[in-house]
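Chemist: Sequence:
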Amino acid sequence: MTSHHHLIEQLRQICGPANVLTEGDLTAWELDWRKRERGKALAIVRPANTTEVAAVVKACAAAQVSMVPQGGNTGMVVGSTPDASGQQVVLNLTRMNQIRTIDAGNLTITVDAGCVLQTIQEACEAQGFLFPLSLASEGSCTIGGNLGTNAGGTQVVRFGNTRELCLGLEVVTAQGDIWSGL
10 MTSHHHLIEQ LRQICGPANV LTEGDLTAWE LDWRKRERGK ALAIVRPANT TEVAAVVKAC
70 AAAQVSMVPQ GGNTGMVVGS TPDASGQQVV LNLTRMNQIR TIDAGNLTIT VDAGCVLQTI
130 QEACEAQGFL FPLSLASEGS CTIGGNLGTN AGGTQVVRFG NTRELCLGLE VVTAQGDIWS
190 GL
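Going by the working numbering, the letters in the sequence shown line up with residues 10 to 191, in that order.
Hints are computed from structural coordinates only; laboratory data are not their basis. Heads up, the beta-carbon is just placed ideally off N, CA and C, and yes, glycines get one too. Be a bit skeptical, because a hint or two may be false.
Stated by the list, open to error - Derived CB-CB ranges, DEER-like:
| no. | residue 1 | residue 2 | range |
| --- | --- | --- | --- |
| 1 | Ala93 | Gly169 | 32 to 42 Å |
| 2 | Leu139 | Glu18 | 40 to 50 Å |
| 3 | Val86 | Ala37 | 13 to 23 Å |
| 4 | Ile108 | Val180 | 27 to 37 Å |
| 5 | Ser94 | Leu139 | 37 to 47 Å |
Kindly produce the complete structure, drawing on both the sequences and the hints.
Modeler: In structure tokens:
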């Protein structure tokens with residue numbers, strides 16, 4: 010950990026000390042939901058917004074430390090848990106869980122990557138609309154993970170995969186730049 014002390018301090022400055030976890034019980038972030046694969050993270054980092062994500066990515070890139078993006082950690086492919094090296098930063102997006110806008114006139118909703126699918130469904134239903142993506146893990150999976158895996162769900166034949174429901178994205182590149190296609 011000594012070799013990464015400077016990086017950990019940078020991450021704490023970016024996201025706040027309470028949102029950079031390096032010790033204690035990190036099982037929730039290091040173990041896949043099936044409890045079959047367990048990794049060891051250098052740190053769990055929980056940014057609150059896109060600007061913080063960009064700063065975290067830049068800091069990790071400068072330190073040549075790889076990151077593992079994580080939403081609800083419900084994926085079947087164990088792609089959101091760190092390996093056993095203890096040298097990866099888990100970028101957990103669950104603090105980025107806001108519904109930004111519901112535009113009834115254009116039938117669109119703008120949400121953060123860490124927004125839980127069920128929250129999106131309920132917000133749309135409250136406005137008299139249907140958000141058609143439906144998965145068994147909808148109470149804990151996040152829209153960022155749904156987009157990343159192009160989840161299909163129970164209504165895929167009628168409404169398509171997640172990416173077919175998406176009109177635009179705001180993303181952070183591997184260099185830490187923010188690109189908006191919203």
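Chemist: Next, verify each hint and record whether it holds.
Modeler: Taking the hints in turn, this is what the structure says about them:
1. Ala93 <-> Gly169: 32 to 42 Å: Given about 37 Å between the Cβ atoms, the range holds.
2. Leu139 <-> Glu18: 40 to 50 Å: 46 Å, holds
3. Val86 <-> Ala37: 13 to 23 Å: At 18 Å between Cβs, range holds.
4. Ile108 <-> Val180: 27 to 37 Å: 19 Å, violated
5. Ser94 <-> Leu139: 37 to 47 Å: Once the Cβ atoms are compared, 43 Å apart, the range 37 to 47 Å for Leu139 and Ser94 holds.
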